[in-house]
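Chemist: Using the sequences provided together with the hints, build the complete structure.
Residue numbers (my numbering), protein chains in the order written: chain S, 1481 to 1803; chain F, 1481 to 1803; chain U, 1481 to 1803; chain B, 1481 to 1803.
Simulated from the structure, these hints should not be mistaken for lab results.
Just so you know, nobody snuck in bad clues.
Note: identical chains are not told apart, hence a pair may lie in one copy or across any two.
List of simulated lysine to any residue pairs, SDA-like, C-alpha gap at most 25 Å:
#1 LYS1779 x MET1689
#2 LYS1779 x VAL1681
#3 LYS1786 x ARG1511
#4 LYS1727 x MET1689
#5 LYS1758 x PHE1772
#6 LYS1741 x GLY1513
#7 LYS1639 x THR1746
#8 LYS1741 x ARG1635
#9 LYS1786 x ASN1776
#10 LYS1786 x ARG1666
#11 LYS1645 x THR1794
#12 LYS1758 x ASN1703
#13 LYS1779 x SER1514
#14 LYS1779 x SER1755
#15 LYS1691 x GLY1774
#16 LYS1779 x LEU1739
#17 LYS1691 x ASN1703
#18 LYS1639 x ASN1510
#19 LYS1741 x TYR1531
4 protein chains.
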Amino acid sequence: MASRFNKLFTSIKNTGFGEQASQQGDRLINRDGSFNVRKRGLGFFDQLSYYHAFVSMSWLQFLGMVTGAFFLINLFYASLYWMVGYDQLVGLEGTTNFQKFIEVFYFSTQTFTTVGYGKVSPVGTWAGLISAIESLNGLLGFALVTGLVYGRFSRPVEKIIFSEKALIAPYKGGRGLMFRIVNARRNQLTEVEVQVIASMVDSKRNNGMRKFYPLELEINRINMFAMSWTIVHPVDKESPFFDMTEKDLNESDLEVMILIKAFDDTSSRLIHVRSSYKYNEIVWGAKFVNMFDGVNDGKATIDVEKLGEYEKATLPTGIPETN
Amino acid sequence: MASRFNKLFTSIKNTGFGEQASQQGDRLINRDGSFNVRKRGLGFFDQLSYYHAFVSMSWLQFLGMVTGAFFLINLFYASLYWMVGYDQLVGLEGTTNFQKFIEVFYFSTQTFTTVGYGKVSPVGTWAGLISAIESLNGLLGFALVTGLVYGRFSRPVEKIIFSEKALIAPYKGGRGLMFRIVNARRNQLTEVEVQVIASMVDSKRNNGMRKFYPLELEINRINMFAMSWTIVHPVDKESPFFDMTEKDLNESDLEVMILIKAFDDTSSRLIHVRSSYKYNEIVWGAKFVNMFDGVNDGKATIDVEKLGEYEKATLPTGIPETN
Amino acid sequence: MASRFNKLFTSIKNTGFGEQASQQGDRLINRDGSFNVRKRGLGFFDQLSYYHAFVSMSWLQFLGMVTGAFFLINLFYASLYWMVGYDQLVGLEGTTNFQKFIEVFYFSTQTFTTVGYGKVSPVGTWAGLISAIESLNGLLGFALVTGLVYGRFSRPVEKIIFSEKALIAPYKGGRGLMFRIVNARRNQLTEVEVQVIASMVDSKRNNGMRKFYPLELEINRINMFAMSWTIVHPVDKESPFFDMTEKDLNESDLEVMILIKAFDDTSSRLIHVRSSYKYNEIVWGAKFVNMFDGVNDGKATIDVEKLGEYEKATLPTGIPETN
Amino acid sequence: MASRFNKLFTSIKNTGFGEQASQQGDRLINRDGSFNVRKRGLGFFDQLSYYHAFVSMSWLQFLGMVTGAFFLINLFYASLYWMVGYDQLVGLEGTTNFQKFIEVFYFSTQTFTTVGYGKVSPVGTWAGLISAIESLNGLLGFALVTGLVYGRFSRPVEKIIFSEKALIAPYKGGRGLMFRIVNARRNQLTEVEVQVIASMVDSKRNNGMRKFYPLELEINRINMFAMSWTIVHPVDKESPFFDMTEKDLNESDLEVMILIKAFDDTSSRLIHVRSSYKYNEIVWGAKFVNMFDGVNDGKATIDVEKLGEYEKATLPTGIPETN
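Modeler: Here it is, written out as structure tokens:
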């Protein structure tokens, strides 16, 4: 594993991020896992993924969008009926133009949703045509909504939460870079794999050039992700942080990039999650508070609210024992 | 395989279950494969997966839920029509308020399902608005139901059944830990992989601390899961059970955790199945009864009802021959 | 690869097929890839997969089933309306009972499909209730049909055809067991992997016991499956067929089982295909006819109808050169 | 990797493309990734994948097809109503046959979409039957459209663009074959793997026979495909291009085939992309222009329009340094 990584990440080019891309203060991966990158020259529509947007917005937003579109579309069709003349519709009872428009608007909704009470109905050729197209439009619209609804249902629902800070913590007589994750959903994740890559300007060794280092982990794969998981990079002789002080770390413009892969039982799909910590999101000399909350009703319990909690700790100066 | 396992499971931390989580009498994995864990501090909605619930309940429950929701929603809309006044609807024939409410309730169902006979229809502005919203609501509701129905269809339908007990059985001149599985569906599973992990307090070796041991299997992968499969862990010198007696086993608070991975031909998806046996679900000195039931009409036949059947057997004291 | 195979298949148990299952004349895998196995003791419903049946039948059968169900359901509801009395429906024009039943049947279809012209409509409480339930039923029915239609669309559409016979053919100065496959669809298959396993009673070596042998292949993986592929097992010193004559082969009750795995570009899914050849489907001393049909309009062309065509060929007595 | 490749591709047979398929001037893979192959003898329907066609056409085409089908189907049903006689429909107001046909056409659309105003409605047995079937037809049609719409949504939306030309460019003191790719969508691709295979007639070594060579790459896998990726095959001693001149290359009928595999975060699916460069799409002595466009608003920016831009460059005559 390590050797493959070393091959992949010794030079900046290999990550797909260019050298110039990594200026002081920028991050390559946002905390929500998206890439902090812009592509110029692509058309607006090329870049947008409407489907993805509709599928990942909240249900409230989604219902709002659908309802809004519903009213706008009916306003449009009501205007069309008005343009061809209200005499092409029978059954209107209103006497003023406004009253009639309201009635025609409702007739439009009855056509779009295919309710079609028939109290009002088209008699003229144009109104007949418009209402035929509108009902087709309505059915296509609801085919679309049905597709989006299922899309919302079927995508993996994982929500892996990361501790707010990463820590340089005491570890086996030495120190380790640690962060903690928990699965905030009830779906069951298995075969979880983690890769961690450090991107930093290491003034001591590389003449101020930015380099990428894969970080060796204590464990990079667990079979079942039932509780929380503290991911640990032991700061041993192989670590790029081996001889660094707190000051070095802050000046290195360090970004710790995290790639997680897991199998989601509920959706039977592989999921990928990314995040990153910048140097100012890493606390020097601290350790995480225990999340375990005893056994209640025969169930091992963890307190998710303590995920990010840590306390000051003195760092040993030795090298972590590796077994 | 073994070496990777050993790396992963030598210490308790590595499974994602904390040390304290494993007190006497608790199990980590329930027999249905869910984790026996509670996460505090997550909101109620964060943890729930409605989609998963609706997709995994029985068809009877599902139809009951849908029908119940249908009547409640129509009751709600019928009340709205009542609130804006029955004079906003034409075509009602009832004379008492109760008769009218029944009629309005049916009008509501005709709107929600978009049948819209038109015998009763809205004339006032408020009734028009409510019925427009109700028909939109109806279509969204059925988009939802359609999505759920497809979700129910498309998820893998595997049902791997485990023998009720695991056995310490005679095996090749020595003994083996055995359990038996069968695929209770007609879908065809291929590339089936099994991992077995023992979680136990081994008083002889680890000062009463709980440890996790991956168990070596006679075979851990089969290409086709057509009949039944007896999974065997040979109790040889490498086995954590090597020098244990029946009494040791019962005092070890043993839990044998099983992780199965397979490819489901019907849904073209990978599936993961879990289960576990606690020490009191393991029978010392027994062997499984043959499930094979001869060849009938040219088809090899097994009797699934015999899956869990076993009979007493004397255990040899030797070490299983491994080839 | 070979070593893993050897481990998996040296004994009968390892395939998941029991020893007794392999009596003379039975095949383990049918030519269509299903297992030739019966499981007793499972309930009728446990074993059936309705979804799979509806998704894999022909479109003609599917439309027939849907139309048939449509008419039966409406017959049922028409009978319900008849039972509560035709006076609960207004708008009927028929004078005889039969005429009225026809009208009510059509009213039922208009309710079930939610057309709801309103020419006939319910007035009584019972007819109102029945029509409310029927329209809900209709919508649920079409949610079901929509789910099935999408299920039919989205499953992989691969259709790998096998040559009718396998051949013992001349191969590199010796002989080889060969069969030929082609992808009969326009979808593009990549990363195709093949495993071949022989199940036979080898009277010379194993006292008449049935054994399973993985067969080494000349190539067991191709990156692109664009044309046809002749899969070759060289009969060299490692082959279980090395010293067998045509007569030995016929007496061995040989079954050559084939497992194919590929990635289907169109559905973005992994597919698995199985088939098998029994000893009487293997031709001794023959070779396949070339399927290549020249370059037409700049496209390399193969003639799929020649897939199974072969001609007599003299078998060399040497050992195939392996490089 | 290399060794496996060498095994797979040393002879022409191994790619699934026959020897004869590779005549001068043909390409095996089209630039859009499809195979340049024709299969004779398959039925028209066997080869077509309607679903694939409907799912991959543009939205405009799709809506056009649906609308066209809608009008044709209604024309068909309107003709049926005409054939059974307009006296089986009540509510028609037209006086000429043409006027009536228009009305009946609209009645048909109201039935097909299940709007069913009821202004016109069937009274006769035949019109009742036709309208019952038409409404069923309409619902099945929209089940179909809903399935197709979701199919359009859920397929991976990747659009990897290749530089128009591949280059023989200066590389680490020697030369390299290079091409450049970018992901033109906003979806995030991870775990991108590339395989490159050269198909050529190497007159110096193989007596003019076509051979397939896997090409070693500087890097064949990146974890994140956030920006652009220049894929490089170093022309070192192992390269089939090592002692070739520009003239040799043009006479070799070279085709460079590219297979890309990646994980698409948005659809949670694996995707496969193919393309190829023929000898006349490879520029000798040129290098790519930098696409990096500075950091704007804290985002590293690349200019996608420069993907294919290159400039003349002198090729060193040395061998690339490999580390």
